[in-house]
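*Asks:* Single-letter residue listing:
Number of protein chains: 2
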Amino acid sequence: MPPNVPEWSKTLGDGVAVRAYGKPSKHEANVIRRDVEWLTASRESSVSFTPLHELDGIITPNGLCFERHHSGIAELDPNDYRLMIHGLVDKPLMFTLQDLERFPRTNRIYFAECAANSGMEWRGAQMNACQFTHGMIHNVMYTGVPLRVLLEEAGVKTNAKWLLLEGADSAAMTRSLPLQKALDDCLIAFRMNGERLRPENGYPVRICVPGWEANMWVKWLRRIEVGDQPWHHREETSKYTDLLENGKARRFTYVMDAKSVITNPSPQAPLRHKKGFTVISGIAWSGRGKIARVDVSLDGGRNWRTARLDGPVLDKSMARFYAEFDWNGQELFLQSRAIDETGYVQPTKDELRKVRGVNSVYHNNGIQTWRVSPEGEVENVEIA
Amino acid sequence: MPPNVPEWSKTLGDGVAVRAYGKPSKHEANVIRRDVEWLTASRESSVSFTPLHELDGIITPNGLCFERHHSGIAELDPNDYRLMIHGLVDKPLMFTLQDLERFPRTNRIYFAECAANSGMEWRGAQMNACQFTHGMIHNVMYTGVPLRVLLEEAGVKTNAKWLLLEGADSAAMTRSLPLQKALDDCLIAFRMNGERLRPENGYPVRICVPGWEANMWVKWLRRIEVGDQPWHHREETSKYTDLLENGKARRFTYVMDAKSVITNPSPQAPLRHKKGFTVISGIAWSGRGKIARVDVSLDGGRNWRTARLDGPVLDKSMARFYAEFDWNGQELFLQSRAIDETGYVQPTKDELRKVRGVNSVYHNNGIQTWRVSPEGEVENVEIA
Numbered sequence: 000m001p002p003n004v005p006e007w008s009k010t011l012g013d014g015v016a017v018r019a020y021g022k023p024s025k026h027e028a029n030v031i032r033r034d035v036e037w038l039t040a041s042r043e044s045s046v047s048f049t050p051l052h053e054l055d056g057i058i059t060p061n062g063l064c065f066e067r068h069h070s071g072i073a074e075l076d077p078n079d080y081r082l083m084i085h086g087l088v089d090k091p092l093m094f095t096l097q098d099l100e101r102f103p104r105t106n107r108i109y110f111a112e113c114a115a116n117s118g119m120e121w122r123g124a125q126m127n128a129c130q131f132t133h134g135m136i137h138n139v140m141y142t143g144v145p146l147r148v149l150l151e152e153a154g155v156k157t158n159a160k161w162l163l164l165e166g167a168d169s170a171a172m173t174r175s176l177p178l179q180k181a182l183d184d185c186l187i188a189f190r191m192n193g194e195r196l197r198p199e200n201g202y203p204v205r206i207c208v209p210g211w212e213a214n215m216w217v218k219w220l221r222r223i224e225v226g227d228q229p230w231h232h233r234e235e236t237s238k239y240t241d242l243l244e245n246g247k248a249r250r251f252t253y254v255m256d257a258k259s260v261i262t263n264p265s266p267q268a269p270l271r272h273k274k275g276f277t278v279i280s281g282i283a284w285s286g287r288g289k290i291a292r293v294d295v296s297l298d299g300g301r302n303w304r305t306a307r308l309d310g311p312v313l314d315k316s317m318a319r320f321y322a323e324f325d326w327n328g329q330e331l332f333l334q335s336r337a338i339d340e341t342g343y344v345q346p347t348k349d350e351l352r353k354v355r356g357v358n359s360v361y362h363n364n365g366i367q368t369w370r371v372s373p374e375g376e377v378e379n380v381e382i383a
Numbered sequence: 000m001p002p003n004v005p006e007w008s009k010t011l012g013d014g015v016a017v018r019a020y021g022k023p024s025k026h027e028a029n030v031i032r033r034d035v036e037w038l039t040a041s042r043e044s045s046v047s048f049t050p051l052h053e054l055d056g057i058i059t060p061n062g063l064c065f066e067r068h069h070s071g072i073a074e075l076d077p078n079d080y081r082l083m084i085h086g087l088v089d090k091p092l093m094f095t096l097q098d099l100e101r102f103p104r105t106n107r108i109y110f111a112e113c114a115a116n117s118g119m120e121w122r123g124a125q126m127n128a129c130q131f132t133h134g135m136i137h138n139v140m141y142t143g144v145p146l147r148v149l150l151e152e153a154g155v156k157t158n159a160k161w162l163l164l165e166g167a168d169s170a171a172m173t174r175s176l177p178l179q180k181a182l183d184d185c186l187i188a189f190r191m192n193g194e195r196l197r198p199e200n201g202y203p204v205r206i207c208v209p210g211w212e213a214n215m216w217v218k219w220l221r222r223i224e225v226g227d228q229p230w231h232h233r234e235e236t237s238k239y240t241d242l243l244e245n246g247k248a249r250r251f252t253y254v255m256d257a258k259s260v261i262t263n264p265s266p267q268a269p270l271r272h273k274k275g276f277t278v279i280s281g282i283a284w285s286g287r288g289k290i291a292r293v294d295v296s297l298d299g300g301r302n303w304r305t306a307r308l309d310g311p312v313l314d315k316s317m318a319r320f321y322a323e324f325d326w327n328g329q330e331l332f333l334q335s336r337a338i339d340e341t342g343y344v345q346p347t348k349d350e351l352r353k354v355r356g357v358n359s360v361y362h363n364n365g366i367q368t369w370r371v372s373p374e375g376e377v378e379n380v381e382i383a
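Protein sequences, first through last, are from chains B and R.
Using numbering that gives the first Met the number 0, the first residue of the first sequence is number 0, and each one after it goes up by one.
Using numbering that gives the first Met the number 0, the first residue of the second sequence is number 0, and each one after it goes up by one.
Certain hints may be false.
The list treats identical chains as interchangeable, and a pair is accepted whether it falls inside one copy or across any two copies.
As the list claims (entries may be wrong) - Pairs of lysine-lysine, DSSO-like flavour, derived with a Cα cap of 30 Å: (1) 9 with 90; (2) 90 with 274; (3) 156 with 247; (4) 238 with 9; (5) 90 with 273; (6) 353 with 289; (7) 180 with 348; (8) 22 with 274; (9) 160 with 273; (10) 22 with 156; (11) 247 with 273; (12) 353 with 160; (13) 9 with 247.
It should be emphasised that the hints constitute simulated quantities derived from the structure, not laboratory data.
My request is simple: use the sequences and hints to build the entire structure.
*Replies:* In structure tokens form, the structure reads like this:
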């Protein structure tokens with residue numbers, strides 16, 4: 000005999016007309032980007048974090064992609080949008096959005112991770128949320144024109160070696176990009192997950208710099224200047240450099256090394272059962288190519304098991320991993336460790352600190368530890 | 000010298016706090032699902048169409064996935080959600096949503112296409128919009144538990160051959176599913192593109208029946224009964240069967256055969272330039288596996304060129320194709336033709352009509368023709 004028939008099986012629901020552009024269920028109101036009030040100087044120069052613990056698979060929905068602005072969200076009119084390419088070129092060019100769409104385009108799923116993701120953890124802040132320790136990352140399908148194609152159209156002079164990328168926000172975000180990377184795999188992107196870029200992600204055009212720190216993925220891209228040396232602007236001198244113990248700073252450290260994190264369980268997503276079959280879920284990525292393997296430890300790194308990669312494993316994209324085990328109900332120290340196709344192994348935080356000290360807030364790809372209590376509660380801890 | 004500095008480069012924008020769950024730009028207000036007032040009986044029993052001409056790549060954003068309801072959108076409370084498996088099983092089972100998440104899960108990108116997609120075209124309605132001729136399809140990454148795993152947990156009896164799938168909407172949508180397909184690749188899905196299913200797409204749980212007509216992808220899935228023969232319910236007798244010329248109906252025609260359509264240009268997305276380099280973009284899919292090739296014709300099927308597949312080409316998923324050419328500014332008759340990995344070639348509409356007549360509204364996978372005028376306007380036509 001069937002169970003009781005619930006109310007929603009007895010009444011007509013809303014029709015389609017009220018949902019021209021759909022929204023999540025009202026029961027999912029807690030699945031949102033969150034910010035940390037004290038973290039940045041002002042509301043306009045701020046950051047919001049992707050709720051990784053509320054997601055699965057490898058696609059980040061556009062409404063949940065983390066944000067990092069340097070002067071708030073520039074609100075462009077696409078009809079007045081222009082992209083200029085000038086400097087050491089045979090023929091300076093200016094493109095409208097429609098112009099860009101007349102070039103051959105391509106679709107790629109890439110992660111974009113802020114260089115400061117996990118940055119508070121250098122000094123052991125132990126932010127008690129996966130969303131805040133690792134949520135400055137998203138992974139979407141971008142559609143755009145290879146930058147190489149546009150540079151070929153302009154004709155790059157033989158002494159050219161660097162590009163300046165400039166955003167149309169009032170911070171005029173600028174970064175220097177080596178020409179070699181521009182010719183390799185950068186995209187002038189105008190779509191994410193099929194639809195137009197969102198305003199907070201650079202509408203109508205941003206650059207994708209696959210595998211490199213997201214600060215270089217200049218949003219609201221307005222100008223590309225071709226030159227023969229880097230520009231040494233603020234975001235590659237005072238910021239986005241790695242200050243070492245000896246007071247010197249590593250510069251132009253663009254690549255995001257292999258990294259992973261267990262998203263479930265995590266502090267915002269405790270275990271709700273007391274023991275038995277348990278699914279661990281997490282994400283791994285590498286700026287140097289594909290993820291080759293992910294290991295998971297239940298005991299703080301003493302013993303490791305190979306996790307199951309599930310779903311597409313793509314170049315410079317998030318991969319999803321799972322590890323299933325029978326939980327005996329005792330305390331756990333969960334860790335994950337990514338290995339990429341170059342053979343690089345994600346280090347511990349202490350291994351990183353030995354080389355780089357604790358002055359930096361950038362490029363922390365150390366192994367994350369979650370302590371799970373017998374009650375299933377999860378907290379951010381470090382293992383000595 | 001740089002061009003004039005626009006207003007948005009001079010003023011601070013909004014910060015992150017106002018965008019906890021993001022929305023498209025106000026300039027994209029026309030990128031919405033649309034319905035056709037006369038098409039279905041009531042607002043609750045209706046359909047909305049994906050704006051394919053406004054998308055690129057292969058991911059459909061959740062807010063734009065087409066809808067087809069039989070009694071409106073059931074609004075379930077996930078805390079009270081239950082899935083029952085009973086009938087010819089050793090052990091009838093009842094699952095909460097949390098129970099389902101304790102099984103090993105998987106992530107797959109699949110298309111879901113309504114059997115009635117392009118249905119108006121059997122008799123040559125020539126709906127003048129790609130959104131209405133082909134927009135009853137979406138393509139997202141689903142996360143869920145293989146149905147096989149749950150059936151193994153219940154223990155299917157040896158005489159079992161069919162399943163009944165029942166939705167929790169007030170239409171109590173039911174379909175019979177062969178056990179063999181259930182054990183092959185069906186998913187009990189609770190996420191799309193990473194986040195929870197949307198209410199209009201079955202929140203919190205629907206079944207994915209990869210490659211088969213979307214009517215079988217029962218939303219708000221409530222009950223699975225295991226039996227030894229099909230149930231012959233309304234949606235597999237009066238509806239979703241293919242009425243032939245001789246008055247007999249083909250039944251249980253589940254698989255969606257290979258199909259494709261050019262999304263740009265199309266009637267809602269005319270060419271805005273008068274001649275020169277031109278990008279044709281479109282989608283192709285097959286319920287029998289991967290897309291092997293797509294051909295494009297500029298002259299109504301007399302001459303064909305091989306299109307460029309771009310982005311992941313996956314099993315039972317949309318693939319994106321492009322064809323670039325130099326337009327001489329004259330009239331075009333654009334067609335695309337999908338070939339899948341089984342060697343099946345998408346037929347013309349007339350080839351279909353010769354076999355199946357024009358009584359049906361289902362399973363029309365015929366080749367679509369768009370006439371492009373010298374002014375760049377596009378209309379839906381048929382070539383004799």
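*Asks:* Run every hint past the structure and note whether it holds.
*Replies:* Cross-check of the supplied hints:
1. In this assembly of identical chains, the alpha carbons of residue 9 and residue 90 lie at most 30 Å apart only when taken from different copies (28 Å versus 68 Å within one copy).
2. When the C-alpha separation of residue 90 and residue 274 is checked against a cutoff of 30 Å, the pair qualifies only between copies, where the shortest distance is 22 Å, while the shortest distance within a copy is 67 Å.
3. Taking CA atoms no more than 30 Å apart as the test, residue 156 paired with residue 247 passes in neither setting, with 34 Å inside one copy and 71 Å between copies.
4. Taking identical chains as interchangeable, the C-alpha atoms of residue 238 and residue 9 lie at most 30 Å apart only when they sit on different chains, with a minimum of 22 Å there against 59 Å within one chain.
5. In this assembly of identical chains, the alpha carbons of residue 90 and residue 273 lie at most 30 Å apart only when taken from different copies (24 Å versus 67 Å within one copy).
6. In the homo-oligomer, the alpha carbons of residue 353 and residue 289 lie at most 30 Å apart inside one protomer (27 Å), although the nearest pairing across protomers, at 49 Å, exceeds that limit.
7. Within a single copy, residue 180 and residue 348 get their C-alpha atoms as close as 29 Å, which meets the 30 Å cut-off; across copies the closest is 47 Å, which misses it.
8. In this assembly of identical chains, residue 22 and residue 274 lie within 30 Å of each other by CA distance neither inside one copy nor across copies; the values are 35 Å within and 40 Å between.
9. In this assembly of identical chains, residue 160 and residue 273 lie within 30 Å of each other by CA distance neither inside one copy nor across copies; the values are 59 Å within and 37 Å between.
10. For a Cα distance limit of 30 Å, the shortest separation of residue 22 from residue 156 qualifies neither inside one copy, at 49 Å, nor across copies, at 41 Å.
11. When the C-alpha separation of residue 247 and residue 273 is checked against a cutoff of 30 Å, the pair qualifies neither within a copy, at 49 Å, nor between copies, at 57 Å.
12. Proximity of residue 353 to residue 160 under the C-alpha cut-off of 30 Å is found in neither arrangement, the shortest distances being 34 Å within a copy and 62 Å between copies.
13. Taking identical chains as interchangeable, the C-alpha atoms of residue 9 and residue 247 are never at most 30 Å apart, the minima being 69 Å within one chain and 35 Å between chains.
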